[in-house]
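*Asks:* Guided by the hints, dock chain B onto chain A, whose structure is given.
Residue numbers (numbering that gives the first Met the number 0), protein chains in the order written: chain A, 0 to 331; chain B, 0 to 331.
Incorrect hints may have been included.
[Claimed, not checked] No farther apart than 30 Å at their CA atoms in a straight line, the calculated lysine-lysine pairs in the DSS-like style are these: (1) A:K328 <-> B:K183; (2) A:K328 <-> B:K80; (3) A:K328 <-> B:K328; (4) B:K193 <-> B:K234; (5) A:K13 <-> A:K328; (6) A:K35 <-> B:K80.
I should point out that these hints are in silico values taken from the structure, not numbers from a laboratory.
Number of protein chains: 2
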Amino acid sequence: MPDITIVTEADLRKTITLDHEIVDTIEAAFVALATKPVAMPPIMRLDIPEHRGEVDVKSAYVPGFSGFAIKVSPGFFDNPKLGLPSVNGLMMLLSSTTGLVEALFLDNGYLTDVRTAAAGAVAARHLAREDASVAAILGAGVQAKLQLEALTLVRPIREARIWARNAEKASACARDLSERLGIKVEAMPGPDAKEAVTGADVIVTTTPAELPILRADWLEPGQHVTAMGSDAEHKNEVEPAAIARADLYVADSLAQTRRLGELHHAIAAGIAADDQSFAELGAIAAGTLAGRSSEGQITLCDLTGTGVQDTAIATLAFSRVARAGSGTKFST
Amino acid sequence: MPDITIVTEADLRKTITLDHEIVDTIEAAFVALATKPVAMPPIMRLDIPEHRGEVDVKSAYVPGFSGFAIKVSPGFFDNPKLGLPSVNGLMMLLSSTTGLVEALFLDNGYLTDVRTAAAGAVAARHLAREDASVAAILGAGVQAKLQLEALTLVRPIREARIWARNAEKASACARDLSERLGIKVEAMPGPDAKEAVTGADVIVTTTPAELPILRADWLEPGQHVTAMGSDAEHKNEVEPAAIARADLYVADSLAQTRRLGELHHAIAAGIAADDQSFAELGAIAAGTLAGRSSEGQITLCDLTGTGVQDTAIATLAFSRVARAGSGTKFST
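Looking at chain A on its own, in the form it has when it is part of the complex (with noise of 0.2 Å):
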């Protein structure tokens, strides 16, 4: 039997940080996912509610890929009054060919993290206009900086604001992002985040808010939204109303956005229609369909995270743990 190679988070971070190759590894995965027969299973999820406890697991597999990822996310919300993180988990990637585990990923979620933030760039890539050059980040966690550094991966950013609820939150966060890209980062305080969208090029939307933090009325033409907060039925970043305002809404997978993202509540006020056809990310970077075809156009993307991104970026770590000759190979 082949080796298992076993990768941890610390092994993970030295090799895989945001570059060009990983959002081109994602972008691959979404137009996969728009014109091959991708097998995508429902969610397994687990439910364990005397602790506060769920468990999902997902998976996908992508024809072309010679791996295909199977990932378990426990997120257990009790688990900061032990001092430990509610939100964990690995991948595991097998081949294609003979589902032999070829590694496991220790990763604690941070190989999600990476994906996510490379499908940031990826809409960018295609919706945002060429010359995009002021970040509106709403948020200030982990999907804030990360996704502030993928769009510089893809656009002329040369100044972001950063607006947050938590309004300290939003300084660090700033500092932070300042020191590490070399741009000027600014955090925007306020009641709401009117100012820091007011004339931004791109807006990225990271929150786990359940209520809109993002009102329709102060979208301007020219500007790209990615709205990739909203992950779950109860979550909402976006006014419905931005959904028709938007002169191209584009979706990571369709059906989930009617089930989990913003056009999920966009469905509910009754301002998109539940068999309404929109664009898929994936069928604009494969040029099926045209992404953003003028300079005025509001653009409007709704990422709610996909498993073929979890079997791209796998696949893509697993070459480079083994090009680097790191993880740990075990024999079963």
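*Replies:* For chain B alone, coordinates are given in the frame of chain A:
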């Protein structure tokens, strides 16, 4: 973050072999399934037809167990052409309290083999006559051997017969078992299993048969049958009429045997109704329902394999591995 313990198949084979504690643990899992609010989500299934591959992911949370298992079982049926086993996979154990991954068992299906055999012992303990001494095993594979070994733990077995379509494999299996268990084990030749089951006290069917290999009119008063081969819609070891001929039919999980087990074929044949009530093994083990109530009854237990057995064996394996100081600890 606490360490993750990684345990190979070789480690497990040293720590986990069929014994009374394992049988008791699997019995406790069945009792829990029948009496507690177990959470057992539907099996996640991914098909990769290009490579004749399939992957099943199973999980179950059992109140009272400190951990819960997630099991990944790939089957890729062209693997033997590449010199690789068709079936492999791994099991992971997560803490029921925190969701943190505690252990990864790179077992290639070994823990499944053991927990499946232990279920046979639980069935015989509650359904076979106390003085059952002659066993007939149909099939000559891994489970044929383990099921006979399991029977010897709970009943005074002094003689066994092995029948299989392939007479050579049956002979080799009988020789091996005779040596290992120190009892008389004979291969029974012949086109069918009639001679093997005639006069036997316990019959265990352990094959992937898709057409019945055990006929209803062969059954004699006082016999117990455990049918453990059928775990999918197309598998069928026992003639449907045998379900009607048995005085007591018992399922590991009625929800599963109605869909996947021998009961499924009896329902399809119109011999059982699809809403007909039958006993579950856990209710009998718990004492809520009666098991065998007379010497002359014919009993039949239909085992399809349940996620609670995986959770039980993974929890036990983890505590034994910790006690033995085996496995390899990884900090993440």
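*Asks:* For each hint, tell me whether it holds in the structure or not.
*Replies:* Hint check results:
1. At most 30 Å may separate the alpha-carbon atoms for a hinted pair to count; K328 (chain A) and K183 (chain B) exceed this at roughly 44 Å.
2. Distance check on the hinted pair: K328 (chain A) and K80 (chain B) sit about 25 Å apart at the alpha-carbon level, within 30 Å; holds.
3. For the suggested pair K328 (chain A) and K328 (chain B), the alpha carbons sit about 14 Å apart, so the restraint of at most 30 Å is met.
4. With a CA separation close to 20 Å, the supplied pair K193 (chain B) and K234 (chain B) stays within the 30 Å bound.
5. A distance of roughly 18 Å separates the Cα atoms of K13 (chain A) and K328 (chain A); the hinted pair therefore holds under the 30 Å criterion.
6. At roughly 28 Å between alpha-carbon atoms, K35 (chain A) and K80 (chain B) fall within 30 Å of each other, so this suggested pair holds.
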